[in-house]
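A.B. asks: Below are the chains, spelled out letter by letter.
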Amino acid sequence: MYTQAMDIPDESGKKLAVVPGTASELEAAFEARIAADGRIEPQDWMPDAYRRTLVRQISQHAHSEIVGMLPEGNWISRAPSLKRKAILIAKVQDEGGHGLYLYSAAETLGTGRDEMLAGLHSGKAKYSSIFNYPTLTWADVGVIGWLVDGAAIMNQIPLCRCSYGPYARAMIRVCKEESFHQRQGYEALLVMMKGTDEQRAMVQDAVNRYWWKCLAMFGPPDADSPHSAQGMRWGIKRISNDELRQKFIDATVPQAKVLGVTLPDPALKWNEERQHYDYGQIDWTEFWNTVEGNGPCNKERLATRVKAHNDGQWVRDAALAYARKQKERAIKEAA
Amino acid sequence: MSTPIDYLLHLADNAVVLGQRNAEWCGHGPILEEDLALANVSLDLIGQARLLYQRAAEMMGGDATEDKLAYFRDAHQFRNYTLLELPHHGPLVGYAAADRDYATTIVRNFLYSALMVLVWDKLQQSKDAGLAAIAAKSLKEASYHLHHSRDWLVRLGDGTEESHARVQAAVNHLMPYTEEFWTTSPAEGSAVAAGVGIDVWALRPDWDAMVNEALEEATLTRPNFHGYVTEGKIGLHSEHLSYLLGEMQTLARAHPNATW
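Top to bottom, those sequences are chains A and B. For what it's worth, our numbering labels the leading residue of the first sequence as 473, then goes sequentially. For what it's worth, our numbering labels the leading residue of the second sequence as 14, then goes sequentially.
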C-alpha cells in the first residue's frame, strides 16, 4: 500500500557525515548522473537535501505499510471463509514485508530503523492518511485492495524508476505484490456483487466511504505541492499528483461499471475534449485535518503501534541479551 | 482406507484454532520480523485446516464443505486440544481482559509443534493416502514452526531476568494442558484400529526428550504435573473457545446463504 506521503513534510530527515572531495566536483558528478537518468547508489556522494528527502519519503512509505496492516488486520479474525482468511493473512503479511525492505532501503542512507520508528511513535514522521479511516465491514477489505492498492500502484510504478537505486529496486517487488493484491480485492468484490442484496449493499457502502479518500491519496493539487518540483528534478518523483490522480480515475471508472457499483461523484463524466473523466472537488480541508492527526482513527492507529513496540521491548531485550551471551561463550571457548 | 471423520476434525480443529490465535499477533508483534513469522505460521495452519476439512467434507458428502465445518459447528463440536484455544496470557477466566504475552504464544507453539512433527511424520504412513499426503506437506511446516518457537524459547529462557521469569511462568501455565495429548479419545482409538491414525502415546518418549532438552538449553524447569487433564478433543472445552469461535464465525453466520 501507499501513500500521498511523499509530499507531506515532517522532521524525520538526517544529515550525513561530510564526504571528502570538493563539494563542487561531487555535486557536478551527482547532477550529471541525475541528468543522464542514472542511478544513485548508497556509497555515492549525494546532497544532504536529496538524502533527507529520500529518508523522509522511504520511511513514510515504510511506516504506511506497517500502520496499513492494522485496518485490514482488523478483519483477519472474522474473515467469512477460510480461503478469504488465508488470502487476507498473506496480504497483510506482504504489507509487513514491504515495510521491512523499505526500512532496509532507508537504512542504506544512514538512518537506523530504531530512529525511524522513534519518529513514527513520537508523531513527527507521517504515514499515509488513508489508514486513519476505519474498516467497518468485510467489503472494506476488498475495496482497500481494489481502490487503495490500485491508487498505490499508480503512485508506485513511477518509483521503480526512482533515481535512488535501493528504493527503485525495492519498488519493483512491492509493485508486483500490490498488483496481485489489487486483483484479489477486485475479485472478492466481484463475488460479493454476485451474491445477496446485503453483500451488494456492503460493497456500495464501502466504495462510498473510500472513493474520495483514495483520490486524496495522490496528494494535494500540483499547485499546492511543496516538494514536488525538487523531487521531479532529482528523479525521485516522475509524474505529478494531478496526472496520477487523473490516470487512476480514468482506469477505475470502467472497472466500477463491470463491478456494478456507482462511484459517489455526480460530477464524474467523460470529457470528450480532454479525453479524460472530469471529477468533482476533493475536500482538502478534511484531508489536511486527518493528516494533522484529527481523523477518525489517527490516535488508535498510532497508540496501537506504540503499544506493540513498548510491549515487545522485553522480547527484543531478551534476544539481544541472549546474542551477547552466545558471543561471550564463543569467545571463551575459543580462548 | 478412509479415516474416521472425528479424527480428521480433531486434526483440522487443532490447526484452525491455533491458526486463529497466531493471527491475533498480526500488527502487534514485538518486532516486525515476528509479525511476519507468526502470520506465516498462522497461514500454514489455516492451510492445513482447509485440506483436512476438505477431506472430511468429501467423506461426509451431502452439503458439507470446509467452511460449513469451520464456521457452522459450535464449541462443543470442536475436537481441538484445549491448549490451543487459550488466550495469549496466563490463567484467567474467559471474559477477563489481559495483554497478549509473547512468552505464552512461543511456549504453546513450541509444545504443539514438537508434538506435530512426530504426529505428521508417522501419519505419512497412514493407510489413508489422502491423509498421508496432507501429513507430508504439514510435516515440513511443523518443522519450521518448531524451529522458530524453539529458538525463541531458548532466547527468552536464557535472555534477561524478566524474559526468563515470563517464559517460566508460561511453561508452568501451559505444561499441564499437554497431558491431554496422551489420553486416547474414541476418535483416536478408532483411527488407530483402522490403521489410518497413530497411537499418540507411543510418541511420548520422543516428545519428552525434545521438550526436556529444549527446556534445559533455555535454563527452564519443567513443572511436575498434578491435577485436571483437559478434554477439548472430546468436545469439553475451556471457557475460551466459544469467544474465539464467536469472533471467527460471526460474519459467516450473519449471512448463512452468502458465498464469499
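There could be a bad hint or two in this list.
[As the list claims (entries may be wrong)] Restraint ranges, calculated between C-beta atoms of paired labels, are given here:
1. B:PHE85 x A:ALA590: 44 to 50 Å
2. A:GLY595 x B:GLN90: 44 to 50 Å
3. B:ALA142 x A:GLU659: 45 to 51 Å
4. B:ASP219 x A:GLU513: 47 to 53 Å
5. B:LYS81 x A:ASP696: 53 to 59 Å
[Unchecked claim] Looking from chain A toward chain B, a few residues come up when the C-beta cut is under 10 Å (computed):
6. MET541
7. TRP547
8. SER553
9. ARG556
10. GLN676
11. LYS771
12. LEU774
13. HIS781
14. ARG788
Calculated directly from the structure, the hints in this document are not laboratory data. Given the structure is predicted, the values throughout are model-derived calculations rather than measurements. We treat Cβ as the ideally placed atom computed from N, Cα and C, and that holds for glycine.
A.B. asks: Compare the structure with each hint and give your call.
C.D. replies: Hints, verified against the model:
no.: 1; hint: B:PHE85 x A:ALA590: 44 to 50 Å; verdict: holds (47 Å)
no.: 2; hint: A:GLY595 x B:GLN90: 44 to 50 Å; verdict: holds (48 Å)
no.: 3; hint: B:ALA142 x A:GLU659: 45 to 51 Å; verdict: violated (33 Å)
no.: 4; hint: B:ASP219 x A:GLU513: 47 to 53 Å; verdict: holds (52 Å)
no.: 5; hint: B:LYS81 x A:ASP696: 53 to 59 Å; verdict: holds (54 Å)
no.: 6; hint: MET541; verdict: holds (4 Å)
no.: 7; hint: TRP547; verdict: holds (8 Å)
no.: 8; hint: SER553; verdict: holds (5 Å)
no.: 9; hint: ARG556; verdict: holds (5 Å)
no.: 10; hint: GLN676; verdict: violated (16 Å)
no.: 11; hint: LYS771; verdict: violated (16 Å)
no.: 12; hint: LEU774; verdict: violated (13 Å)
no.: 13; hint: HIS781; verdict: holds (8 Å)
no.: 14; hint: ARG788; verdict: holds (6 Å)
In summary, the numbered hints that this structure violates are 3, 10, 11 and 12.
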